[in-house]
Amino acid sequence: MKFDGKVIKYADNVDTDVIIPARYLNTIDKKELASHCMEDLDATFTSRVQQGDIMVAGFNFGCGSSREHAPIAIKESGIALVIAKSFARIFYRNSINIGLPIIECPEAVDAINEGDKLSVDMDAGVIKNLTTGEEFKTSPFPEFIQNIITAGGLIESIKSGLIK
Amino acid sequence: MGMTMTQKILAAHAGLDSVKAGQLILANVDMVLGNDVTTPVAIREFKKLDLDKVFNKEKVSMVMDHFAPNKDIKAAEQCKMCRTFAGEMDITNYYDVGEMGVEHALLPEKGLVVSGDIVIGADSHTCTYGALGAFSTGVGSTDMACGMATGKAWFKVPSAIKFVLKGKLSQYVYGKDVILHIIGMIGVDGALYKSMEFTGEGVSTLSVSDRLCMANMAIEAGGKNGIFEVDEKTLEFIREAGGKDPVVYKADDDAEYDAVYEIDLSEIKPTVAFPHLPENTRTFDEIGDVPIDQVVIGSCTNGRLEDLVIAAEILKGKKVKKGVHTIVIPATQKIYMQAMEMGLLKIFIEAGATVSTPTCGPCLGGHMGILAEGERAVATTNRNFVGRMGHPKSEVYLASPAVAAASAITGKISQPKEVM
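If you read the protein sequences in the order shown, they are chains A and B. Residue numbering for the first sequence follows my numbering, beginning at 6 and increasing consecutively. Residue numbering for the second sequence follows my numbering, beginning at 505 and increasing consecutively.
These aren't lab readings, by the way, just hints derived from the structure by calculation. One or more of the hints may lead you astray.
[What the hints assert, rightly or not] Per label pair, the in silico range of CB-to-CB distance:
no.	chain 1	residue 1	chain 2	residue 2	range
1	B	761	A	122	41 to 47 Å
2	B	921	A	34	47 to 53 Å
3	A	166	B	847	55 to 61 Å
[Stated by the list, open to error] Computed list of chain A residues with no C-beta within reach of chain B, every gap over 10 Å:
no.	residue
4	120
5	142
6	143
All values reported here derive from a predicted model rather than from experimental measurement. Where is the CB? At the ideal position from N, CA and C, for every residue including glycine.
Isolated chain A (complex conformation) (with noise of 0.2 Å):
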């Protein structure tokens, strides 16, 4: 999988609270979710954010709720692919489940500013700073967690015989 983005930057410990505010949490609508993503931190997210765009950000990202809507807001609302220092444990193995891409690569975080151009080859385990030039190398998932991506998620996991 390869991403060619431009890069929101937020700092450590943003919460599934706001990144998806359990006020809009009595619908399940993909659209309407996304059109609440990250408003309580960042009103302006909503309307920069672009197709394609990549997400980084620092320690503990998607701290707090296991609320699915959280990476299925992020994933919505455009962004390609999660970059952090760190993943609390739920909203990790939610976004490997419905299939959004992330990665930890605290080096990369710190090397990496609000706007710049990134292009991730995540079959390599590389991520290049367009902007800056620089270049850091990622580890690869683990076989199992690699045959869920691979395989679309974990319900076509269940469909393609992975999980009985």
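Please arrange chain B on chain A, whose structure you already have, making use of the hints.
For chain B alone, coordinates are given in the frame of chain A:
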């Protein structure tokens, strides 16, 4: 190499003799849980599999607690979707208004979780049941759908941090203060991906209610699960709840831990987490004058009978400060009834508090106590993130039921000894 409590439970459910930290496994689960917010997404995913039944109708629980009694038309539609699905699948443990309670108070009370079980729940506070010596953890809706279909879940076997408890809590200090102290010490990602294992002679001095409160907030330290060593109090709780026979696992003597902390319970003081992270903890020597507008006593963290008894002891014969909206929410119908029979509800109402039907309501800013811009609440809940209880510029201070009740009386963040 030895295994931790969590690793033993995971190995047994994956049909393996042993597992080690970092290993990816597929394990059988004993219960799959969802609520009215997460279940609708799970149903949407489950339907993609074209199945006409769940793996085991006794091993799925659905609790309508977040926005129920329905707060608006959309919430009503979500509950209706769950109700219809539960009917079609003949789900045994479907709990709607009149029977429901806050899910993590309800399942232990109904005997639906016992020691040695694996429980996955599409709610991050599913980690609560670790208090009973179960491996329980929060997952997402797609995991719930997969669990309902197959009775299985994938896990990365966690490493663990061991907390060795010793001593005994002082007066007006509770499990909530201990877990806030620990989160303040290790941070909101201090246990990221890890188990928090609670052991030591101090465990037996803690009530099961205190343990449920502590395991509940393992997620606020980033933990995969919190788990307590099983003792006679645990087994008695499970017997009284009418649960199936528990299976007791004990960590091996040579189990490896990423870190070991010794916690002297007698040294813990009343603790409050300031906005906007549960790790921003302070004790009363660092608090000063913080006026408040609202108090919430309830939730999966502190809505059990013991919590209401503590709050009533402090509020008895006193009045809440004018202007401080004080909301007491018994976590289940049974707790509500017991509190009524014990005269606790009368104490709350006479003090000027309001008593609500069971709901998660205000904890997540759903309904039944939303904060306006600039308002501050002391809450016995579990999160104080930006906008958690309402307006993004409101503030939530997390504390024990004793601190919450004392604060309701004075109108500022106060410790119980100030009013007793």
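Each hint tested on the structure:
no. : hint                       : result
1   : B:761 to A:122: 41 to 47 Å : holds (44 Å)
2   : B:921 to A:34: 47 to 53 Å  : holds (50 Å)
3   : A:166 to B:847: 55 to 61 Å : holds (59 Å)
4   : 120                        : holds (24 Å)
5   : 142                        : holds (20 Å)
6   : 143                        : holds (18 Å)
Of the numbered hints stated above, none is contradicted by the structure.
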